Each structure stands twice: as C-alpha cells, then as structure tokens.
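Residue numbers (numbering that gives the first Met the number 0), protein chains in the order written: chain A, 0 to 492; chain B, 0 to 111; chain C, 0 to 776.
I should point out that these hints are in silico values taken from the structure, not numbers from a laboratory.
Predicted, not measured: the structure shown is a model, and the values here were computed from it.
Treat the hints with care, as some may be off.
To be verified - Chain C residues, not near chain A, derived (Cβ > 10 Å throughout):
no. : residue
1   : Phe-41
2   : Ile-64
3   : Trp-502
4   : Lys-527
5   : Ile-532
6   : Ile-606
7   : Ile-647
8   : Glu-752
Unchecked claim - Under the rule of at most 25 Å between Cα atoms (straight-line distance), these lysine-lysine pairs were calculated in the DSS-like manner:
no. : chain 1 : residue 1 : chain 2 : residue 2
9   : C       : Lys-768   : A       : Lys-24
10  : C       : Lys-353   : C       : Lys-528
11  : A       : Lys-102   : C       : Lys-768
12  : C       : Lys-714   : B       : Lys-49
13  : B       : Lys-95    : C       : Lys-714
14  : A       : Lys-33    : A       : Lys-446
15  : A       : Lys-441   : C       : Lys-19
16  : C       : Lys-353   : C       : Lys-449
17  : C       : Lys-768   : A       : Lys-23
18  : C       : Lys-441   : C       : Lys-527
19  : C       : Lys-768   : A       : Lys-152
What the hints assert, rightly or not - Computed footprint of chain B on chain A; a stretch qualifies when at least three of its residues, placed anywhere within it, have a C-beta under 8 Å from a C-beta of chain B:
no. : stretch
20  : 161 to 171
21  : 177 to 190
Note that the Cβ used here is the ideal one computed from N, Cα and C, for glycine as well.
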Amino acid sequence: MSNLAVLPIVIPLISSIILAFFHKKLPLVRSVAKLVSIINLFVVGFIITYVYNNGPVVLESGGWDAPFGIILVADMLSMTLVLTTNIIAVAAVFYAQHSLSQKQEEFYFYTFFLLLIAGVSGAFITGDLFNLFVFFEVLLMASYALIVLGGEKVQLRESLKYILINLFSSMLFVTTIAFLYSVVGTINMAQIAQRVQEVDQQGVLTTIGILLFFVFGTKAALFPLYYWLPKPYIVPNPVVSALFGALLTKVGIYSILRVFTLIFGHNPSFTHNFFIWIAGLTLVFGVIGALSTNNIKLIIAYNIIPAVGFMLMGIGVFNEASISGTVYYLVHDMIIKAVLFLIVGAIAYLAGTSDLRKMKGLIHHYPLLGWLLFVSGIVLAGIPPFSGFIGKLLLLQGAFSEGEIIIAIVGLLCSLLILTSVMRIFIRGFWGERDDSLTVHKKTARKLTIPIAFLLCFSILLGVGAELFYPSGASIANYLLNPEIYIEAVLKE
Amino acid sequence: MEIIMSILSGVLFTTGVYNLLQKQLLRIIIGTALISHGAHLFILTMGKLKRGAPPILEYHVDQYTDPLPQALILTSIVISFGVTSLLLVLAYRAAKENETDNMDLLRGNENE
Amino acid sequence: MIFAIFIPLLFACFVPILSKYKDKIHTGIFVLLIPFIIFLFFIPFIGSEFKPVYTSFNWIPSLDISLDFYLDGLSLLFVLLISGIGALVTLYSIFYLHKSERLGAFYVYLLMFMSAMLGVVLSDNVFVLYGFWELTSISSFLLIGYWHHREGSRYGALKSMLITVFGGLSLLGGLILLTVITGTTSIQEMIAQTDVILNSPYFSLIMAFIFLGAFTKSAQFPFHIWLPDAMEAPTPVSAYLHSATMVKAGIFLIARFSPIFNTSEWFFLIVSGIGILTLCWGSYMAVRQTDLKGILAFSTISQLGMIMAMLGFGTKAAIFAAAFHILNHATFKGSLFMIAGIVDHETGTRDIRKLGGLMTLMPISATLAFFGAFSMAGVPLPFLNGFYSKEMFFDVSLGLNEPTLLAADLLRQAIPYLAVLGSIFTFVYSMYLVFGTFTGEKHLDQLPVKPHEAPIGMLISPAILILGVIVIGLFPNLVNESFIAHTAEAISGKEVHKHIVFWHGFIPPLYMSLIVVIFGAGLYIYRKKWTDIYLFIPGQLSFNKVYDRFVEGLETYSAKITNSYMNDSLRRYVILIIGSIILFTFITMISTNGFAFHTNDLADFSITEVIVALVMAIAAVFTIFTRNKVAAILILGVVGYGLSLLFILYRAPDLALTQLVVETITLALFLLCFYHLPELQPRDESIGFKTTNGIISIGFGLLMTLVAVSSHSSKWFQPISNYFVENSKELGGGYNIVNVILVDFRGIDTLFEIVVLGIAALAIYGLVKLRYNKEAE
C-alpha cells in the first residue's frame, strides 16, 4: 500500500504529458483534464482515509531504505493539504474554460496546470529536503509558464520580477541545504531532525534554520519579503491567480510549519518569538496594503499576506491549540483565497474593469455573485460559523494562553480591517444605482459562478461541520509537536 | 582550501547580488548566473574537497570524494539551466514588448 | 427552544419563494406568523414560579462549542421584547413597505436578525453567543444598507458595521481570554468561577474587551456615532433593531456578566461613568436635531446610557430599575419610532422644521405620540410607565454604596446631579418632538405630500405599544413579581422583591422629578434663546469627524504607506529582501553563538586552485565594470568555465562535463537574446546607488561565507554517502556512483528535473509562438 503516496504526484504528471501531445484538440483536452482532476480528488480522498485509519504511509522510492533514497511521506498533514489542493484544482479546471482564451488553452494551459498540481502535491508529500527543492522548482517552473501564458505586456514585465526573486530564493535554498548537509551529513528530513535533536540545535544550526525560514518566507510572502507578491499575482488570468493565491504561498508556510516543528523546534524562545514579531508585522502591513488600493484584484492579492501572518503566528506561539489553528487556517485560507480570486476575476471580467471607482450597482445584474462575495468576505474575516472562525479561534486561544496578548490584539484588529477591505468591494461595486450601460453576460456569469459556489461550500462545511474536521486538526498538531512519531515512521528505528 | 572556496563562492554571491541590483536586464540576469555558480560551488565545498578519488568505483581505491553533493549539483545545474533559458527568452520578449531593458522603467501603475 | 431560535432563519429560506407572489399577497403577512408564534411560545414562561430552563445540543464538542441555551429572567425579558416588538414591527412594515420594494430581501434580513438576536440572549456558550452577536451586526448592516442606492445608506451601513464589528472582535478577545482562564465556554460556569477570574492577571483586560463590545453595540459615548446614521434604514428597522432590541444587546451583555464584574469598583466607575455621560450627551444632542428620527436616535442613545448607568450602580434596586426601564423604553420608543415613520410616510418629510400643526390632520397619531413622549420625559402621571422608571432612577442614584476609589467616589457624588441634568434635556427633546410636529403653525406648502391620517393597519402597532405604556403605568406590579423581578434576580444573582407604587410621599426623587419638569418646560419654551450654545459645544469637535478622518485616513495613509515601498522597482524589493535576510541572520548568528572556525579538517592548499579561484573572482568582479555586452557575457563564461575547471580539480568529472555543456549553451542563448537589445549603458549612477549596492552585496556574500565556514567547521556527523559508495555496484549496478545516485537512489529528483526542463521548453515555445500567432491575427 505504500505506493499510494506517489499517486497524487504521478497521476497529474502522466496525464499532463499526455495532454501536451494533444494540445490542439481542446474539447478532448478539457474533458480529460476535468476527468483527471476528479479522479485524482477521489484517489487522494481514498489515501487520506487510509492514512487516517492506518497512520502515515511511507514510500521508499526505488526501494532504497531511508535515509538513503528519497522518502515520500503521506501523513495526515500532507494529505490534508493535498486533498485541499485537489479540491481547488477541480474548481479551477471547471472555471478555466470560461475564463481563458482559446489560445491560452491551446498553449498547454492544462499541462502546466496539472504539473503545478503535481509539484505542489510533491512538495507536501516529500520527506527529503533536496527533493523538496526539486518539487519547488517544478511548481515554480509551472507557475512561470502559467504567469507568462498569453504574453501580454504587463504579464511579461511582472513575471520577470517574479522569476528573478524566486530564482534568487531557490539558489539560497540549495545553498542552505548544502550548509545543513555539511553539519548533519544528510538530507533526509527525518534524519536531519534526529541529528539536530541529538546535538540540541547548537552552534550554527539555528542560523541555518533562520536562513531556511527566509527561503520559505520569501515563497510564503512574509513581512520583509513579500514585496514581489501582489503585482505578479494579478496579471495572469484569474484562474491562474486563484491557483497561485491558494497554493503557492501555502507551500511556503507549510514548509515553515514542517521544518520548524520537525527539525528546528529546539530553540523556540529565540526562533519562535522571532516568528511572532514577523507575524505581527506581516499582518499589519498586509492589511494596510489591502486597504490601500481600489483595484479589486490587488485587494485580494494583498489579503494573502495577513493570512500568512495568522498562520505564522500560530507556528510562533507553538502550542497545540495554535498549531492546530495554523493547520485549520491553512486549509481554510487555501479554499477561500481561491474563491476570492475567482470571484474578483469574474467581477473584473463582467464589469469590464478591476477599478472599484468605475463600478456600481452590480448586484442588480449579478446578485448571486454579489452574495458569494459577501459571504466570502465574512468567511475570510473569520466570523462564525464559517471556516475562518474556527482557525482564528484556535490561533487566538493559543496566543492568549501563552500570554501573547499583543499579537492576539493585532490579529483581532486585522480581522476587522480584512473584513473592511472586502466589504469595500461589496459596497462600492455591488451596491448603488443600477448601471445600465453595462453589457450583461448572464450566461458566462452563471458558468463562472458554479465552481465558486462549489468551493465556498467547503468553506461553510469546514466551519459548520468543524466537528468532522477539527479532531484530525488537533491530532495533526499533536503529531507535529511530537516529531518522534514522524522520525520513527520514516527511519523505522 | 575549503575556506578559500567559501570565500570565492562568497565573492560570486557578492558580484551576483551587485549585478542583480543594477538596472539593466542583462546585468541582472548575469547576476543570477553568478549566484547559481556560487551556490553550486558552495554545495561542492560543503561535501569536503579532495578526500579521495573521483566517485567512480575502481578496485584499488577505497576512499572516494563525497558523491552526494555532486549528484545534487548536477540536478541543480540542470534546473538552473532551465530557469535561465526561460528567463533569457522572457527578458528578450519583455524588453522588446516594453521597449526598454531598464528594470526601473519596467513598472506599472495600480490599475492595469 | 432551539427550534424557536432557528425558526426565523429556516423560514428565511422560503421567503425568496414567497416574495415571488408579492403582488398578490404582501410577503410580510407570512413573516408576521413567525415572531408571533415565538412570542406565544415564550409567554407561558412568565409567572412568579419561573425557573431557568437549560437545553443543550452538541455542535462542535471537541472545541467545547455547543448550542447551549439558557432561559433565565434576563433572557426571558429580551426574548419577549424580540418576539413581541418583532411581531408588531412586522405588522407595521406590511403597511409601511410598498409591494414594489424588494420585500424578499427585507424580510430575509429581518428574520436573520430575529434569529441572531434570540441567539444572543439565549446562548450560554460564549462562542455561540459571539456568532449570533456578529450576525446581528451583519443583518443590521444589510438592513441599514437596504436602500443602497442612497449614499447615506451606504455610509451608515459601513459605519455601523465597522464600529459594531470592532466591538464584536473585542468581545471575542475577552471571551477567549475568559475561556482560557476558566477552562469552560459556558457563561453560567464562568460565573461560578468568579474568584478565578477576579484573581487573574488579565481581569482588567477582559473587562476592557467585553466593555468595548457592549459599549459599541449599545451606542455608548463615544461609540454612539453610528446610531444616528443607522436611521437611513427603513423605519420598522429603526424601531426594531436600533431602539428596542439590537442596541440593547450591549446592555444585555453587561447584565449577563455583571455577576462577575460588579464586585470591582472599576465596573461601577466605567459602566456608570460612561452610561451617565452618554445619557447627558445623548439628550443634549437630541435637542439639536432637526430630523425626527435623528431626535429619536439620540434619545435612544441617551436612554441606553441611563440603563447602562443603572446597571453600573450595581445595587439591587438599581438593577431592578434597569430591567424595568428596558421594558418601558421598548414600549414608548418603539411607538414613537413608528409614529415618526407614519409622519414621514404621510407627509414625505421627517424634517421637523417643515412639520407642525399636524394634530388636526392626524389626531390618532398625535395622541399616541403624546403618550409616548410624555412617558419618555418622565412626566409624573400615574398612567405613564416612563415616570416609574425615571423616578426609580433618581431614587437609586441617591442610594449608591460608597466606593473606596477616589474617582469612583467623585462619580458617586456627581451622579444625582448628572441624572437630573440629563433628564432635563430628555424632557426638552420629548416636548420638542411632539409639540414641534403636532402643534403650532402648519407649513403644508412645504410638504411633498398632502398629509392625512395613516391607514388603520399602520396605527395598530404603535397603539398596542402605547396601550402597554398605559397598562404598565396603571398596574406596574402586573409585570413586577412575575417578570421583572426574575430579570433583576438573574442579573444580580440575588432575590429581588419590590413593590412599585406611584406615590412615595415627599421624598428627594419627587423633588428631582419636579425640578426636571419645571426646568425642562422652561428650557423648552425659551429654547430659541439658548440653542446657540450648540455652536460652541460640540461645535467643530464632533466624533463623527473623528470617525470620518479615521476612515479617510485609513485609505489615504494605507495608500501612502504602501506606495512608499511598493514602488514596483525590483531593485528596491531585492534590497529590502536581502537587507533583512542579512540583518536577521547576522543577529541570529551572534545571539545563538553560531559562528565557528576550525582549520583541522581542511583539504590541502594548492596553488593551481588558488589561481583558478583568483581568475574567477576577478572575472566576476569584472562583470560589474564592463560596458560591452558581449564582453560581459564572455566574462561570465570565464566564471562558468573556471567552475568546470574547479570541478575537474575537485574530482567531479561528471559535473565538469555537464557544466561545460550547459555553460556553452547558456552563453549562446545569452548572445542570441541580447544581440538585439541595447548596449550596456555607462553606469552613471550616483554614489548612494553604488554604496547601497555595495553594502547589500558585500554583506550578503560575507554572510554566506561565514555561514559556510561555520557549517564546515561543525561537521558533527558522518555523511550518509558511504552507503552510496558501498552499494553503488552491488545494488545499483553501476560504477559511476554519481550516476547511480541520480538514476537510482534519487531517481525522483532526476525525473522531476527533466520535468522542469520540459516545462521550460514548453513555456519558451509558448512565449515565442503565441506572439507570432498574435501578430498574424
């Protein structure tokens, strides 16, 4: 059964290659892509139930024992995130057709899309630090391809910055792996964890840890590193933005979560306190950014940043409540960011502009879209009974019980401003006089709305049905705070 | 020797970053190339230098240079190559399309 | 009971369907059933034998969030208000809202609110309470924005949401702290653990958090500013949410938590202080308003302040009076709002300057309004409930316990005077409201519509409320033992017995009432002479302006801050990113003692290698200085080839080969791409530009070198590569260990490395090809 772990990577990989050969036959490509996404979702669903019942699935690729070969570890954390990724993928693939131009679809959109999913899933599943780098490159390369897809002037310009910054952080990543290899002599995460624990994370190790934090932090868009994020995220097609917003930064925060619970968890008074500060600043500057603009896409892009701040806060506080909050928030935020990007993409398309000052009264034409935006705003701000609330509640409980009052208050205030930033879109864009000069595309609107509603259902389910999910969130937190379980599962000692 | 190689990699990083901070696209991309060179050299250095024969099995040798960093570098070189090629083509296209190769002029405003 | 809470929400799902038939039958008629049923359901609980009822339903037990509902005297009072006034308001709205309005939306919001408000007052679980609390804010937001084509509606909606959600989040903070301290999410269990909470270091913080929540919701000074703007909502909404129920949620909250807090003198100081201040400020400001609903809004603010103040007094009598006044206020203020709505509906304006002399045209409305206003003013007549609570207020303001805190004691002494002062203005605006509208000169020509008496249906609801005013006035003890006493008991936690009588004899409260009437009447009659005072107080100093500045500032300053660093310049971003990496990593290195340097495990020194290294370093530095693009690319090649030389020297033949090939192709690509691009510009950058670049780049290079040296000096473990050396042939079947690692031990890496190349190739193909297609079109 251990081969299960590789399926979420292999299924999209193989199908993407096949799709590349038929890239001109759009009807075929579309339906295959949809089918593959759905199949993959079910496969992942099966794996996660298997993991839930039998514990982590460890695949030693090529049959090489850990720590020598590359190990794939399908544990609850990685599978939860892979599952969420695939849910988003299904929504995205159904949205894509109505949002992309035919040319873009023909130029390998679906291939890149599936490879992105493969890369993201791989990054979640792998148990090898260098292999994580490779999967990062896969997903980044796919994202480069997606961001330039279409070749518009702005796309070319912004993608250049995006690639350069990511290239830099990738190089820093390999270098840091080299440093770590020099000290502990291995690149298998479980073994690194074991060895770091053995020497109690002394000497240069914390410094290397912080360097890794910056590598992942650049991808996750944390406070002093996020400048590259907002612009490049809004230039590609909405469906691409949604995938980026939902997946890419989350891979970064996942890596921080994994590395700083598994490997570098032995000097929390230094590292994790530092995270709390960074988290606070990320929250504040993120919401300031979100309030600063009238471009609806940019508002949502900036909103990625405070969400990451929330999650980092949970890692920084470092107790069971806060870590389970981070996990919960991670899943919640992946979904809701995808929803919001898809919504503003639809709004921008239907209103013909993404400038809030040029919109009014859209609710008269597109009531359903308006209400979806309204509900997503509430979900995003963490108002009960939706998914954001559960995550935020856990994070704040964690923070308060550690006496981290200031960060908790910052978090509360930021929630208000997050809500404001989204409600501005609702009030200014949807309320107001009917705009009769607008050409109405009811049919497209409906087609764009279905995947959005599909995703939003999960947000609601995650909140209202928290009882179904929270216990596994708590057990994931418990598992993360006890790295021995992971180490034993991988190294089998 | 490892110290000297670390310094050399440091110099490569320094010049790489310096170029990265320039305005012209070509210089920036040269910068990234230098940084990748530096990174690869770091990996090699971190696996200890010259501690045995090249990692190709021979009967009378029992001490080999650490093969793992070499494998990692190889992977990394290929990946950097891929990214750099894409970057070059993109840079060319971006510069043509926007009619400048000055990064400072490659800016936008809020509403595009 | 759970069903009673959720029935409006469930029914709301059907409203959109029902509203399809609104032309035939007004949707409100169906909706009316809901509050009425709920009212009937809760009525039987009234009685002197009332005992609290508790029901529970599991929701998220692992987070300790369950739908626990607790019906005690306090919630019973509110539940009856919510359902009773709810029914009357719905009835009223049937006549108020025309069928051409978006009735479906209106009733969905209204029902949503009803559920939310019932949930707030019945929840025992703090998080469930918080959820309902925010839902009231949201439904209020939607109702205020109901006529969203009006600028004022949008403004008011956003304002109310910002302020009440702010309070809500603060409340959440307080509630989470409470759960963290007590380990329970049930309010009743928290009350049982009062000692724990009192001794917690976070006690004052909790109190501050919860008070903020309550004060914002109940429009207490200085958060009252959202309420007047909320009057943009349709009048039934104002009568319901913004006077009778939602704004009392804050009062409910204070009452609910007062068993925990009221032992603290800070509780008295803050709650009573803010309450009495709100009373005075609200009544003072009400006199200045020209909009009927504006007067009523400020009057609501001031009355809420009075209730809040009485809760803060904390004595048994004061709590009884507060509970009593909650009921009384709902009756007279609800009816007055409805009358204001009628006037607006029938005349087309709510501007009191254009109104006047309507008594003859609208006699029934006028009569009802006089009852309501006199009750509100506390005119000493035995059939007005407002008088009883007002007199109790005076009475309790004189009977306060002496606190030890100096500030609290000063407040205690000032309270009776402030109470009288606030009541004088209350008297003034009450008179101003009714006399200004119904007596005096008629200005019929200024009215958009020719006024006449409202349809009978519209008058039913206010009439019922006024009936309540009179009945409670005549037989105050009717609601006493069976009802209000239970409320007071639930708030204070002690048994409360009180007999309400009209005549107490010549005691101080009576004199205070008389002072209020005399001075109030005087001030009302001569109001023209003193209203210029409003030019000075508040004059320019208004909290609205503070809010407006804040909201404006939020946008402009956030834009300023953001644009100051998000200037889209890659260089800037890189400087900031690398700069912070350097800074924080150095800090880490120093503070965790990360630097290490040992020379005992190094390779032999070799002059060849040093020469190669030197050449590479010089070439690398040269890339910065050259101005010829071809030269720059070739110099880069020198570095690359130098690196392959190093690979050979360091016994990595595969790497050397690969590097050689890759370097050659890359150079070719470089030349290909940049042949057509402009020549490198002379570097005319300023010194500052160069210095920054220099600092950042040298800092980063230095950092990497130092970490590298430290890492190399800390080789604490045997690398795992021996395994590869030993097993390469036997298990991997190859002599070239690196190759075996690549294709076998770490095959996945290689597979995906090829994938990366593949994507790059496709992306480049797309970049080149898509353009040609575009040009062809």
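We went through each hint and held it up to the structure:
no., hint, result
1, Phe-41, "holds, 24 Å"
2, Ile-64, "violated, 8 Å"
3, Trp-502, "holds, 51 Å"
4, Lys-527, "holds, 41 Å"
5, Ile-532, "holds, 36 Å"
6, Ile-606, "holds, 25 Å"
7, Ile-647, "holds, 20 Å"
8, Glu-752, "violated, 6 Å"
9, C:Lys-768 with A:Lys-24, "holds, 17 Å"
10, C:Lys-353 with C:Lys-528, "holds, 20 Å"
11, A:Lys-102 with C:Lys-768, "holds, 11 Å"
12, C:Lys-714 with B:Lys-49, "holds, 16 Å"
13, B:Lys-95 with C:Lys-714, "violated, 50 Å"
14, A:Lys-33 with A:Lys-446, "holds, 15 Å"
15, A:Lys-441 with C:Lys-19, "holds, 20 Å"
16, C:Lys-353 with C:Lys-449, "holds, 13 Å"
17, C:Lys-768 with A:Lys-23, "holds, 14 Å"
18, C:Lys-441 with C:Lys-527, "holds, 19 Å"
19, C:Lys-768 with A:Lys-152, "holds, 15 Å"
20, 161 to 171, "holds (count 7)"
21, 177 to 190, "holds (count 5)"
Of the hints listed earlier, those the structure fails to meet are numbers 2, 8 and 13, in rising order.
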